[in-house]
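S.K.: Using the sequences provided together with the hints, build the complete structure.
Going down the list, the protein sequences come from chains U and S. Here the first sequence is numbered in my numbering, starting from 1 and rising by one per residue. Here the second sequence is numbered in my numbering, starting from 267 and rising by one per residue.
Keep in mind that the hints were calculated from the coordinates and are not lab data. Hints are supplied without guarantee of correctness; some may be wrong.
Said to hold, decoys possible - What follows is a set of in silico ranges between Cβ atoms, one per label pair, in the way DEER data are often shown:
no., chain 1, residue 1, chain 2, residue 2, range
1, S, D350, U, L69, 50 to 60 Å
2, S, F530, U, P166, 44 to 54 Å
3, U, L81, S, D478, 36 to 46 Å
4, U, V127, S, Q347, 53 to 63 Å
5, U, V118, S, G399, 50 to 60 Å
6, S, C343, U, T77, 36 to 46 Å
Fair warning: this is a prediction, and the values are worked out from it, not measured in the lab. Just so you know, even glycine gets a beta-carbon here, dropped at the ideal spot from N, CA and C.
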Amino acid sequence: MYRELQRQGKAEVMIHTIIPYSPTDRLRDLPQHRLKPPSRQHWLGTETDGADLLSRMIHASRIALSIGLISTSISITIGILIGGLMGYFVGKIDLIGMRLIEIFEAVPALLVLITVMVAWGQRDIYVMMVTIGFLSWTGTARFIRAEFLRLRQQDFVQAAIACGLPRWIVIYRHILPNGLTPVLVTATFGVAAAILTESTLSFLGLGLVDEPSWGQMLNQARAGGQGFVWWMATFPGAAIFLTVYSYALIGDAVRDAIDPRLQKQE
Amino acid sequence: MSMTPSNNSRPLLEVSNLNIAFQTSRGQIRPVRDVSFSIYPGQTVALVGESGCGKSVTALSILRLIPCPPGQVLGGCVLYQGRDLLSLSEKQMQSIRGGEIAMIFQEPMTSLNPVYTIGDQIVEAITLHQHVGLGEAYRIAEQALREVGIADPARRLHEYPHQMSGGMRQRVMIAMALSCRPKLLIADEPTTALDVTIQAQILELLRRLQRDRGMAILLITHDLGVVAENADVVNVMYASRIVETATVEDLFDHPLHPYTQGLFRSVPRLGAQAERLATIPGTVPNPARFPVGCKFHTRCTRTRELAAAAPAEQTIQVLCAGERFGVLRQCRDDEPLLREIQPRHWAACHQIPDYQGKPLTEPHLQHKREVVPEAHIVAMESDAAVQEVAR
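M.R.: Here it is in structure tokens:
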């Protein structure tokens, strides 16, 4: 709309974003613009509704990253809470916690996710984040439990209790910062996994409707209407690949940075 | 040395017949049996014994730091200012720990949390027990560091534990323990992990702080030299029981129990000629398999000497370190109880005759030594100091 105004000379100053088109700039009434291959106006082509692919891809990265980061935060929080309690109060709580972990690990996460998205009715991004978070906390819990089992024997824990600190402060403010290092690694890998999960859901058609999403574009590449369109598969696919690969590399690097240092300190 | 009566006649801490047990896969182990002692305000009471005799468990159980699924209090009570600590709730214990009774531990290298600055850790202890703001807490922490003798305390507050040496970390632990002005300090082998010069400094620091604040100290150690310089009353523990209790002068002048005598005999004297060091034969027994009767009878030279001169029906053979020795039957059959052998000197041994004098009006020792003048503090290897210790 502002471009129109500019062309008509009405709007004088305009700040252009780098993203040339709005992601919802669908030209449904102009069918000749649909599914066009990359050209000068649309650098990566257009998709089934005529919207520019590049802009939609860039906006889709918001969805992917936000789902990745938030669901990983949820899963880490749950994992720390449960793993911390298990590792500190060994005994019955540890036994019950292990059974809980085993139950959640036995559940096929993707199927539950599909079921939830179907059953929920609306396509709510928050539902997706929470569900992914609730289904992926077990790895963090195992690591935290192992670290706590090691750390609770340390002298500074006994000294903290002898000072009169309440138990929960000892657990979450004294032991936890010492035991967070493996969680850094699982967190980065968890973000990559969450992005992949979200893409899978969108590919199956269960993702968000209005917001653009890479998986959704892959789906449209397959079933757009004219058979297979190569630009809609290649570019979003490359985006998924590069994002997940980058997070996996970050996770590797964090793990390598932590391990030798731990050995040197010990 | 005169006996200086303290102001109050009621003990600050009174441990009576404390019995602790641990449930293990191999059965029940009792590392503390019928332990009783008292600490009066301003007094330094030492708990002496070898490793494995139960002194650390006793100290930890005063503050209820023993984890209670495997650990269990079988009986007894710990009265702090009249309140039984064993029956308080966890929340009430949290206000006592650090605020009224503080504890410092053996290993300063690992007793501080490595991811927080020492200022943060001291301030945490302060804000827990005193209602002061954060800025005021940092000022108190800085003052506490200055009192324990750390130079440039304002800068040290922002340092991490790994930037400090062992002696400094122990000073920080003392500062943290004393920042809330406790009335009793439990020091569990505070200088065992430090070298001798630092040990002397830390002990002198504890003595000075005790004088300034009128604080009582329960000093747990295996070093008789430390006891000689710092303690007023000494309890000697062996194999979960207290075997001798006396003032420090009485103990060093004439130890009554054969174990204590053995300990003193094993201290080497500079300048003496000897081919072998004197030792106590045998080793400390495994708490899961204590000897029956008197716990010390397998290693006791007194009972062996007496058995050699006694008629055969009063002796029995026991095994010690692979060899057989004759000991008096009484020592193997019955467990001796602490009896008052001399005024204010108790020992648990069958072979010492009873005290024939007047019974004491109070069962525990209120004795406090005269203040040791500063010039008496030991320089490391002087002859006179060692002879003072080994008197």
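S.K.: Which of the listed hints are broken here?
M.R.: none
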